[in-house]
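*Asks:* Sequence:
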Amino acid sequence: MRYWLMKSEPDEASIDDLANAPERTLPWTGVRNYQARNFMREMKRGDKVLFYASNADPSGVTGLAEIVREAYPDQFALKKGHKYFDEKATPDDTIWVMVDIGWVATFPHIVALETLKEAPGLENMVVTKKGSRLSIQPVTKSEFDIVLKLGK
DNA sequence: GCCAACGTTGGC
DNA sequence: GCCAACGTTGGC
Numbered sequence: 079m080r081y082w083l084m085k086s087e088p089d090e091a092s093i094d095d096l097a098n099a100p101e102r103t104l105p106w107t108g109v110r111n112y113q114a115r116n117f118m119r120e121m122k123r124g125d126k127v128l129f130y131a132s133n134a135d136p137s138g139v140t141g142l143a144e145i146v147r148e149a150y151p152d153q154f155a156l157k158k159g160h161k162y163f164d165e166k167a168t169p170d171d172t173i174w175v176m177v178d179i180g181w182v183a184t185f186p187h188i189v190a191l192e193t194l195k196e197a198p199g200l201e202n203m204v205v206t207k208k209g210s211r212l213s214i215q216p217v218t219k220s221e222f223d224i225v226l227k228l229g230k
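79 is the number of the first residue of the first sequence in our numbering; add one for each residue after it.
If you are wondering where the hints come from, they were derived from the structure by calculation, not from laboratory data. Remember, predicted model here, so these are calculated numbers, not experimental data. We put the beta carbon where it would ideally sit given N, CA and C, even for glycine. Just to be clear, a hint being listed does not mean it is correct.
Said to hold, decoys possible - With a Cα cut of at most 20 Å, we get these calculated EDC-like pairs of lysine to aspartate or glutamate:
(1) K230 to E196
(2) K230 to D94
(3) K161 to D89
(4) K158 to D170
(5) K157 to E144
(6) K195 to D223
(7) K161 to D223
Claimed, not checked - Between beta-carbon pairs, the in silico distance windows are:
(8) A97 to G209: 30 to 36 Å
(9) R102 to P169: 27 to 33 Å
(10) A99 to G209: 27 to 33 Å
(11) Y112 to K227: 32 to 38 Å
(12) F163 to G209: 25 to 31 Å
(13) E101 to G199: 20 to 26 Å
(14) M79 to N116: 16 to 22 Å
(15) D223 to P136: 19 to 25 Å
(16) K227 to D170: 42 to 48 Å
(17) E120 to S220: 35 to 41 Å
(18) R147 to N98: 15 to 21 Å
(19) N98 to H160: 39 to 45 Å
Construct all of the structure, not just a fragment, from the sequences and the given hints.
*Replies:* See the structure below:
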């Protein structure tokens with residue numbers, strides 16, 4: 079089992095949106111970065127996800143999710159006019175993929191980025207590093223466990 | 001294949 | 001809203 083961090087701006091999808099969605103699952107569309115896409119391709123059903131709110135006040139981890147459907151073609155890349163349209167995508171190769179995630183838990187309070195930066199053991203966590211813009215990041219088990227504790 | 005220009009992300 | 005840090009594009 080692997081662990082991940084997935085960023086979303088609250089306007090796009092928040093942990094509450096996930097908790098209130100039908101079957102408490104949401105498709106994770108719109109990833110248009112190759113490194114992030116490649117991580118999505120590695121995701122397996124049951125992998126755990128730290129749900130991260132970016133561009134928020136404050137930004138931070140708001141809850142837990144898990145992978146309920148592994149990578150499949152992101153059809154929005156084919157939809158002309160859609161904000162996730164990519165003119166290089168074809169039906170045979172949409173270039174981009176999405177996964178479905180399921181709600182697991184909403185933290186009683188957000189674990190702010192500042193808290194993550196100060197927490198012992200998270201010094202090497204990708205999200206705490208300067209200039210880390212990647213929207214999908216791998217997380218180690220020990221990092222995951224520390225964040226879980228901070229969220230309780 | 002280099003790299004300047006441009007666009008985007010996301011903390012602050 | 002600013003802007004640093006990145007990623008991507010495209011001329012050469």
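*Asks:* Each hint: holds or not?
*Replies:* Comparing the hints with the structure gives:
A C-alpha spacing of about 17 Å is found between K230 and E196, which places the hinted pair at or below 20 Å, so the restraint holds. Restraint check for K230 and D94: the C-alpha separation of about 17 Å stays at or below 20 Å, so the hint holds. With a C-alpha separation of about 14 Å, the suggested pair K161 and D89 falls inside the 20 Å cut-off, and the hint holds. With a C-alpha separation of about 16 Å, the suggested pair K158 and D170 falls inside the 20 Å cut-off, and the hint holds.
Between K157 and E144, the direct Cα distance comes to roughly 27 Å. Violation of the 20 Å bound is thereby established for this hinted pair. Proximity of K195 to D223 is assessed by CA-CA distance (about 15 Å); at most 20 Å being required, the pair is judged to hold. The hinted pair formed by K161 and D223 fails the criterion: a straight-line CA distance of about 36 Å is larger than 20 Å. Restraint check, A97 to G209: a C-beta distance of roughly 31 Å satisfies the suggested window 30 to 36 Å.
Take R102 and P169: their Cβ atoms lie about 30 Å apart, and the range 27 to 33 Å holds. For the hinted restraint 27 to 33 Å between A99 and G209, the CB-CB distance of approximately 32 Å keeps it satisfied. The supplied range of 32 to 38 Å is met by Y112 and K227, whose beta-carbon atoms lie about 33 Å from each other. Between F163 and G209 the C-beta distance comes to about 28 Å, which sits within the given range of 25 to 31 Å.
Range check, E101 to G199: Cβ separation about 34 Å, and the 20 to 26 Å hint is violated. At roughly 19 Å, the beta carbons of M79 and N116 sit within the given window of 16 to 22 Å. At roughly 22 Å, the beta-carbon separation of D223 and P136 lies within the given 19 to 25 Å, and the hint holds. At about 46 Å, the CB distance of K227 to D170 agrees with the hint of 42 to 48 Å.
A hinted range of 35 to 41 Å for the beta carbons of E120 and S220 is inconsistent with their spacing of about 19 Å. About 19 Å separates the C-beta atoms of R147 and N98, a value consistent with the hinted range of 15 to 21 Å. Separation of N98 from H160 is about 24 Å and departs from the stated range, judged on CB atoms against 39 to 45 Å.
Hint compliance for this structure: hints 5, 7, 13, 17 and 19 are broken, all remaining hints hold.
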